[in-house]
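Chemist: Going down the list, the protein sequences come from chains A and B.
Per this note's numbering, the first sequence starts with residue 1, numbered consecutively.
Per this note's numbering, the second sequence starts with residue 1, numbered consecutively.
Treat each hint with caution, since some may be false.
Where chain B lies over chain A, by a calculated footprint (3+ residues, C-beta under 8 Å) [said to hold, decoys possible]:
(1) 63–70
(2) 92–101
(3) 122–136
(4) 201–212
Some chain B residues flagged as far from chain A (calculated, every beta-carbon gap over 12 Å) [unchecked claim]:
(5) L24
(6) F55
(7) T56
(8) F116
(9) T118
(10) L141
(11) H145
(12) K185
(13) S200
(14) N239
(15) V275
Derived by calculation from the structure, the hints in this document are not laboratory data.
Note that CB positions come from ideal geometry on N, CA and C, so glycine has one too.
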Amino acid sequence: MKRKTKAAVKKIAGIIFCGLVYLFLFLPIAVIVTNSFNATTSKPYLTWRGFTFDWYVKLFDNNTLLTSFGVTIAIAVISTLLATAIGTLAAVGMYKYKFKGKGLIDGLLYIPVVIPEIVLGISLLTLFSNTHIPRGMLTLIFAHTTFSTPYVIFNVRARLAGYDQSIEEASMDLGANRIATFKNITLPVLAPGISGGALLAFTLSIDDVIVSYFTNGQVKTFPLKVMESIKSGVAPDVNALSTLILIGTILLVILTKSDLLKKIKALVKR
Amino acid sequence: MAFSKHNFRSNTLPAMTMAGPVTLWLAFFVAIPLIYVFIMSFCSIDEAYNVVFKFTTANYQRLFDPNYVQIYGTSLIVAFLTTAICIIIGYPFSFLIARTTSKYKALLYMLIIIPFWTNSLIRIYGWRTFLGTNGWLNTILTTLHITSEPVQFLFNRGATVLGMVYCLFPFMVLPLYTAIEKLDKSLLEASSDLGAKGPSTFIRVILPLTMSGIFSGSIMVFIPSLGYFFVADILGGGNSDVIGNLIERQFQSGNNWPLGAALSIILILITLLLVKLYQKAGGDMESLGV
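Let the sequences and hints guide you as you build the complete structure.
Modeler: What follows is the structure, encoded as structure tokens:
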């Protein structure tokens, strides 16, 4: 009996502890969502002046904010595609073949992962300024691809650890060439690692502040737009856009994780 | 293996086409930029703050400026506190989530990641709104008559540490979660069957087996916290700058790139030192990136 109560107390203490940690993680989000409904119109937009949906409407008139969001998505999509393409190729190539300098590539790969982002940011700034590459969309794409690629490679590698190469040999024995084998055999097996790496690359790209801060030129991504507005107080429409982005990503994950998508597809087919 | 045309076709060519793009990319966007930074740290600037390639060690001498040394100290203290708090809160938390038998386990895991889909700057600003003198917390405290006047929670070292913990917490929790989930339940049972009490099982069995998670989590928390200048800006308000703030200033308003480059070399050296320690302790580099 005593033992049972002890276990129950332990369990409740555990639940309370985890609850507090989640509260800590979600508290600023609650602030953001609440402030997106704040009717205040005067800077720094901190005093509560009643509930309104106005900011969600006004958001669609704020062209610079919407543009920054579009720029962020465009950079994230392009850099993710690039990182996924060269990262997947490299992971497979480094797994299959032995060649000189492999250790060196490995060493270089760890640098963007462990080095503080600010060092990567200023080193790229130095490169672009010394080689006279004008800073803007292009340099942002270069920079984001640089910090994303190692994560794609590590994720694909983790998948390759359990990969049986003999199925490739079987494919070639049956008359398929290298490219067809890569496309029809290697890629499908590696798909979970590739998509995991790509998701990580995309997440890192849309949230990046520090590296973008040094490589952007005149182009403002959404995080940089937020940074700029912090000095004068973040306007509720920025909160509104953040809320919409959060809802969007949650819906996306629910859709891809559940079989809801399959059901919809089946319905459409019918 | 003799070098022949056939061998070249069958191995070198595909290896080059597959690993070539990444090699070139890393050479141009990682190796060369770092070499530039190293060279620049020995350069001078002219009256118009332009970088001139005239060799000097002045930038390195300036690193010993007492004001800078004080900031390195603050930055290291912030990094230590952040890492320690992340371990103290993150370990029991990861343990409970990784070993729960609840059917909501997957959801609980997702809930750790979801906050990070909202931009980190705006979440840090959310903390400022919450803790500010007109913020939520002060409103609650004064309404409940716990304090008569608003308390200044912001713009000190504690606020900076809070922001760092907030930003870096998942980087501690995710490797810990992986390490704890891998624990073999039968080992724990064996330990208790052999008469070990809870604390002794923890120290002798669980802790050694999950040490790898603590190590990789610590690397992924400690190093970035030295550079997160925006957290120190927004929550610390200039009262608890980290090394990242020093570097940022030299490349933006201060406009002394060679000095900023020399300051970056400090961060690179700290990173190298910690990574070497990590590898000595048996840490796996790959587990830092997945």
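Chemist: With reference to the structure, classify each hint as holding or not holding.
Modeler: Hint-by-hint comparison with the structure:
1. 63–70: violated (count 0)
2. 92–101: holds (count 7)
3. 122–136: holds (count 7)
4. 201–212: Result for this restraint: holds, n = 5.
5. L24: violated, 9 Å
6. F55: Since the minimum Cβ distance to chain A is about 17 Å, F55/B lies beyond 12 Å and the statement holds.
7. T56: holds, 17 Å
8. F116: The claim breaks: F116/B does not keep its Cβ more than 12 Å from every Cβ of chain A (closest is about 7 Å).
9. T118: violated, 5 Å
10. L141: Since the minimum Cβ distance to chain A is about 15 Å, L141/B lies beyond 12 Å and the statement holds.
11. H145: Holds, since 20 Å exceeds 12 Å.
12. K185: holds, 17 Å
13. S200: holds, 18 Å
14. N239: Its Cβ never comes within 12 Å of chain A, the nearest being 17 Å, so this holds.
15. V275: violated, 6 Å
The structure fails to meet hints 1, 5, 8, 9 and 15 from the earlier list, while all remaining hints are met.
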